[in-house]
Amino acid sequence: MPSYSSDRRSLLKIIGAIGATCAYPFASDELFGQTASAANRPLPQQNSPARFFNEDDFATVSRIADLIIPETETPGAVGSGVPAYIDLVISRNTDQQLVMADGLRWLDGEAKRLLNRRFIELPEEQQISILEPLCEAADKNERRARNVQFFALMKSLTADGYYTSKVGLRTELGYTGDMARAGFPDCVHEH
Amino acid sequence: MANKLYDVVVIGSGAGGGTLSSRLADLGADTLVLEGGPKIDTRTDFNTHALPYDFPFRHIPTMRPGKPGFDGERSRGLGGKTQLWNAVALRFSQRDFKGRQHDGAGENWPFDYSDIAPYYDRIERQIGVCGNYDHLEDLPDGIFMPPAPMKCTDLAIQAGAKKLGVQVIHVRKATLTRASKTRPACHYCGNCMSGCDVAAKYNSLDVHMIPALKSGNLTLQQNSIVYELAVSDEAKVSEVRYFDRETRAEGVARGRVVVVACACAQSVALLLMSKSSRFPTGLGNSSGELGKNFIPHITGGFEGFLVEFIGKPEANDEGFLDHAYIPSFMHDRKRDYPRSFGVQFNYQNHRTVGWARGIGGMGKAYKEAVKARYPAYLTFTGYHEMLPNPDSYIDIDTDDLDEYGLPKPRRHWKLHDDDWKLHNDMKRWCQAILDASGTEIFSNAAAPVTNHEIGGCRMGTDAKTSVVNEFCRSHDVSNLFVTDASVFPSSSEKNPTLTIMALALRTADHIADRLQKGEV
Numbered sequence: 045m046p047s048y049s050s051d052r053r054s055l056l057k058i059i060g061a062i063g064a065t066c067a068y069p070f071a072s073d074e075l076f077g078q079t080a081s082a083a084n085r086p087l088p089q090q091n092s093p094a095r096f097f098n099e100d101d102f103a104t105v106s107r108i109a110d111l112i113i114p115e116t117e118t119p120g121a122v123g124s125g126v127p128a129y130i131d132l133v134i135s136r137n138t139d140q141q142l143v144m145a146d147g148l149r150w151l152d153g154e155a156k157r158l159l160n161r162r163f164i165e166l167p168e169e170q171q172i173s174i175l176e177p178l179c180e181a182a183d184k185n186e187r188r189a190r191n192v193q194f195f196a197l198m199k200s201l202t203a204d205g206y207y208t209s210k211v212g213l214r215t216e217l218g219y220t221g222d223m224a225r226a227g228f229p230d231c232v233h234e235h
Numbered sequence: 049m050a051n052k053l054y055d056v057v058v059i060g061s062g063a064g065g066g067t068l069s070s071r072l073a074d075l076g077a078d079t080l081v082l083e084g085g086p087k088i089d090t091r092t093d094f095n096t097h098a099l100p101y102d103f104p105f106r107h108i109p110t111m112r113p114g115k116p117g118f119d120g121e122r123s124r125g126l127g128g129k130t131q132l133w134n135a136v137a138l139r140f141s142q143r144d145f146k147g148r149q150h151d152g153a154g155e156n157w158p159f160d161y162s163d164i165a166p167y168y169d170r171i172e173r174q175i176g177v178c179g180n181y182d183h184l185e186d187l188p189d190g191i192f193m194p195p196a197p198m199k200c201t202d203l204a205i206q207a208g209a210k211k212l213g214v215q216v217i218h219v220r221k222a223t224l225t226r227a228s229k230t231r232p233a234c235h236y237c238g239n240c241m242s243g244c245d246v247a248a249k250y251n252s253l254d255v256h257m258i259p260a261l262k263s264g265n266l267t268l269q270q271n272s273i274v275y276e277l278a279v280s281d282e283a284k285v286s287e288v289r290y291f292d293r294e295t296r297a298e299g300v301a302r303g304r305v306v307v308v309a310c311a312c313a314q315s316v317a318l319l320l321m322s323k324s325s326r327f328p329t330g331l332g333n334s335s336g337e338l339g340k341n342f343i344p345h346i347t348g349g350f351e352g353f354l355v356e357f358i359g360k361p362e363a364n365d366e367g368f369l370d371h372a373y374i375p376s377f378m379h380d381r382k383r384d385y386p387r388s389f390g391v392q393f394n395y396q397n398h399r400t401v402g403w404a405r406g407i408g409g410m411g412k413a414y415k416e417a418v419k420a421r422y423p424a425y426l427t428f429t430g431y432h433e434m435l436p437n438p439d440s441y442i443d444i445d446t447d448d449l450d451e452y453g454l455p456k457p458r459r460h461w462k463l464h465d466d467d468w469k470l471h472n473d474m475k476r477w478c479q480a481i482l483d484a485s486g487t488e489i490f491s492n493a494a495a496p497v498t499n500h501e502i503g504g505c506r507m508g509t510d511a512k513t514s515v516v517n518e519f520c521r522s523h524d525v526s527n528l529f530v531t532d533a534s535v536f537p538s539s540s541e542k543n544p545t546l547t548i549m550a551l552a553l554r555t556a557d558h559i560a561d562r563l564q565k566g567e568v
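Chains as they are written, first to last, in our numbering: chain A, 45 to 235; chain B, 49 to 568.
You can take every hint at face value.
Derived DSS-like pairs (lysine-lysine); straight-line CA-CA distance at most 25 Å:
#1 A:Lys210 - B:Lys360
#2 A:Lys210 - B:Lys419
#3 B:Lys262 - B:Lys52
#4 A:Lys184 - B:Lys412
#5 B:Lys87 - B:Lys129
By construction, these hints were calculated from the structure, which means they are not laboratory data.
Build out the structure end to end from the sequences listed, making use of the hints.
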């Protein structure tokens, strides 16, 4: 079987080819040049496994993932464990770590510019209105801007994580392929 | 046992080596099979029915934890690529064997369809091939079990293709639709290419080699990576030199006859690595043709969504992957290039959804768009022949060594003008059929991609322009045979495996005959 080289799948190569100068991991405090107040930090989860992202970044990543695939009649990204999947993948990929760092920094910069708050603190409509132009640019394959690369990476990871999860594959999509059948049924539709 | 002289030493245990060695053992020849990879238990070693969420990174590994195998092209495992193939089993036609007679391009095979037809009959009886009797000139019928019904989505493509005068037929596969005495029928889980754990799909280990062990004439030796064939003063292979995959301990095997069946590029590489004062550019390469005439299948792939099925409830149609096929239809149409193409489609399964990341948008609308398209997704890939040219060949890279310190084979290929005409016309036809079927095209491969590897050790009657004769015997080395797709003088657009197997049976009979007559 062939493997395709569709544009979207070569995204990661493109991301890898674009150089960046900042190192990661780093504390987001250093990144933003400011100190987030302790009250705004999400509470550390009890017994959570060691994570690559710090709590602030993990919360932002979780929020974006849930905006890309929200809860509907079925659970969304957070409800299917996508953030932990993203954390695991990013922990093993230094190129993607740079894209993530730049993107998260840009998001908070944009939120601060617009409403003088951090991205995670914005109302949902504001969060969506910041992300939607990035989503449209990514869909049009206009990937030169770093923040668009960031969104495209977030979307790929969220989609991969969600639709390979038990919730995404079974509950949402209705996969039932893993059964032994006595025969293959004839089609009963008209074509 | 290093000094034991076998009748036949076979290097490789896949479609070619597995078929040939079991036939020789059944005929009474003392046969040793050397396989570079480990022993495989088809029933327990593969992740056949795993799902992505069973694994942290969501990739389904081929082998179960702690089970070695398929970790490199020199080290696959007993059964070789037949463990993971998709089992498409198509006969080549007379026109495929004598393409040059029809359009003046490429090379003819040194025999006719009628010479190989009895071997196609035999191999189909042995392995079980399902299919429909379609009575097509360019795709001869075989000995078939009933086909599996087409999927609903196949029928949509069939209806679209019909508007263009293009025929869609049932696929022909070496997968049982009815139980045999020793193998169950397919249970349609759609994981054929992850190792069929019940051997409803043919693999050479369970269907050919293990049964042949009863003859007492077959020895399977896994984990033995052959790196050199030494040649005697009489220009015969005197020693097969290998090392153990795990311990790297060196060993030697000896046979009256030595058969190389390592899957095209690896077979060519082994012969190129076997240099001697007598054959300074590679074993059996007095013609200088070894490695040349590399003619892999060239593909152009699409992915799309059948509009008719967008938003329909998901139905389990994993089946045995593709149930239908578009056979070559260009031979009798006006065109400005030689040869033809066929189309394999609807061969995806539904346990992975890699395309979802490519659907536009975000939020609820995105989630709904993916769900709606899940039942409608299909792959659609044209396969075409390419003609031999000087830019397409296999060599070895002595500067790029694999994990065993052996040079990696390198594949060089370039399409020439006629190949491009064929390729572009194939893409146009694929797009037209998808359009006529009401398909939202999702991806269209930007560049040609190679698939089945063919050529590099060409068969022919003239020792100056080919490497082996019509019985796959080296023109230069009288006890050396090659049985895989490397010997094909032309590739057709059809999947090569059934022809590899038919050729292996024919070669086995020839070798047994020569052994009996004391000619080797």
